[in-house]
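A.B. asks: Residues per chain, in single letters:
2 protein chains.
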Amino acid sequence: MAEETYEVDEILDEFLKKQRGVKDTLKEMKNISELMVDLAYSAILYNNDELAEEVHSLEEEMNKLRYQIEIGTMLAARNPEQAADLEGILRVAAVAERISNAARDLAELVLRDIELHPALRAALEEANEIVTRIVVADKSKLIGDTVKHVRTVEKFGMDVIAIRREGEWILDVSDTEKIKAGDTLIANGFKESVKHFQKLAK
Amino acid sequence: MAEETYEVDEILDEFLKKQRGVKDTLKEMKNISELMVDLAYSAILYNNDELAEEVHSLEEEMNKLRYQIEIGTMLAARNPEQAADLEGILRVAAVAERISNAARDLAELVLRDIELHPALRAALEEANEIVTRIVVADKSKLIGDTVKHVRTVEKFGMDVIAIRREGEWILDVSDTEKIKAGDTLIANGFKESVKHFQKLAK
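Chains R and B, in that order, are what the protein sequence lines are.
Position one of the first sequence corresponds to residue 44 (the numbering used here), numbered consecutively onward.
Position one of the second sequence corresponds to residue 44 (the numbering used here), numbered consecutively onward.
The following block holds chain R by itself, in its conformation from the complex (with noise of 0.2 angstroms):
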């Protein structure tokens, strides 16, 4: 979710429709973390603003994750010894939320307008490879297109390796996956791709 608050109701609600177990729920938080982990350093590499925001972005995310893993885990206890048994999980989701708070601080820098030195700035302008962020306008040509011809068109492929729709996250991206108005893409290319690729875009 994209909003900066969140309702309590609206969370458990959404844990309860899904029934999702504590498994499917720490693999989505392990795929969370790690897109964090690269955006942030991403962010820092590239000085740029738009992916350390979008970091922010998956930190609301991993919250809400952190507290589906514990409103489940005190409604699944019905005795002291259940009690017991899930008490590791909930200190594994503490330290594990800790693993994004740290990338959002690392973020955090980035749009702080820390300064780095000029020759940090310098080799990052010669870099070949970045990832970038993405949005797709109403109108774009890029609507309806599969992830597959993204990646693989012509000259200008690039690795789409998230993306963040309606306020959801989706970080397995399939091949097959149709691009949406309003998709916010993250990207991995070539300096070349990343222009061709905002200009289609709008």
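Be careful, since some hints might not be right.
Just so you know, same-sequence chains aren't split out, so a pair can sit in one copy or run between any two.
List time: in silico EDC-like cross-link candidates among lysine to aspartate or glutamate, alpha-carbon distance up to 16 angstroms [claimed, not checked]: (1) 66 x 172; (2) 245 x 181; (3) 191 x 215; (4) 191 x 67; (5) 107 x 130; (6) 221 x 71; (7) 234 x 71; (8) 73 x 148; (9) 223 x 188; (10) 191 x 218; (11) 70 x 172.
Since the hints were derived computationally from the structure, they do not count as laboratory data.
Once you have looked at the hints, place chain B on chain R.
C.D. replies: For chain B alone, kept in the frame of chain R given last:
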């Protein structure tokens, strides 16, 4: 380095020898951090002590890199203006290390044998694809094989995601890399493949 402690002189020597810039060091920190997060979560998800131990080894590597960045920036500062410019880099390195510390703490939970919920353990035993650590013995059949061979060998392909060799980590493992005696492979594959490769590694 696999050793628990290391000498300041040794680190400084390595830094000066490599003449590696801050950008390359940050890129290496990025790669190591991503692998640490992957392995820390995998250690939890598969309840695997060996993966947790590798997270510790990677954290040593991160500490070394942070130290190299600190030494490098101090040596580069020749006047107050330059020193102010360089201060941002020190802050980046400090926050970056917090990510790896959190990943280490997550892995630590596995080594401390925290109790995970029985339902989670059961679910894990059903998992098809797992991350594993394979140590290549002196007379293993794998010695001399390329990583490409390991990745594509009929029925039993395993994706090698990292190699630890003589205390150094190889994180971008190319297809042409040859496997040596004593290598520790971090690899991803189906349960059957894991069993097969554990045999070959002996």
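A.B. asks: Each of the hints needs a verdict: does it hold here or not?
C.D. replies: The hints, checked one at a time:
1. In the homo-oligomer, the alpha carbons of residue 66 and residue 172 lie at most 16 angstroms apart only across protomers (14 angstroms), although the nearest pairing inside one protomer, at 35 angstroms, exceeds that limit.
2. In the homo-oligomer, the alpha carbons of residue 245 and residue 181 lie at most 16 angstroms apart inside one protomer (8 angstroms), although the nearest pairing across protomers, at 58 angstroms, exceeds that limit.
3. Taking the shortest alpha-carbon separations for residue 191 and residue 215, only the intra-copy value of 13 angstroms comes in at or below 16 angstroms, while the best inter-copy value is 24 angstroms.
4. Neither within a single protomer nor between protomers do residue 191 and residue 67 lie at most 16 angstroms apart by alpha-carbon distance, with minima of 26 angstroms and 31 angstroms respectively.
5. Proximity of residue 107 and residue 130 under a CA criterion of 16 angstroms is satisfied in neither setting, with 19 angstroms inside one chain copy and 35 angstroms between copies.
6. Taking CA atoms no more than 16 angstroms apart as the test, residue 221 paired with residue 71 passes in neither setting, with 21 angstroms inside one copy and 34 angstroms between copies.
7. Taking the closest pair of Cα atoms, residue 234 and residue 71 never come within 16 angstroms of each other, the shortest separation being 30 angstroms inside a single copy and 21 angstroms across copies.
8. For the homomeric pair residue 73 and residue 148, the shortest alpha-carbon distance between copies (15 angstroms) is at most 16 angstroms, but the shortest distance inside one copy (18 angstroms) is not.
9. Taking the shortest Cα distances, residue 223 and residue 188 sit within 16 angstroms of each other inside one copy (8 angstroms), while across copies they are farther apart (45 angstroms).
10. Only within a single protomer do residue 191 and residue 218 lie at most 16 angstroms apart by alpha-carbon distance; the minimum there is 4 angstroms, versus 24 angstroms between protomers.
11. When the C-alpha separation of residue 70 and residue 172 is checked against a cutoff of 16 angstroms, the pair qualifies only between copies, where the shortest distance is 13 angstroms, while the shortest distance within a copy is 28 angstroms.
When the structure is compared with the earlier hints, violations turn up for hints 4, 5, 6, 7 and for no others.
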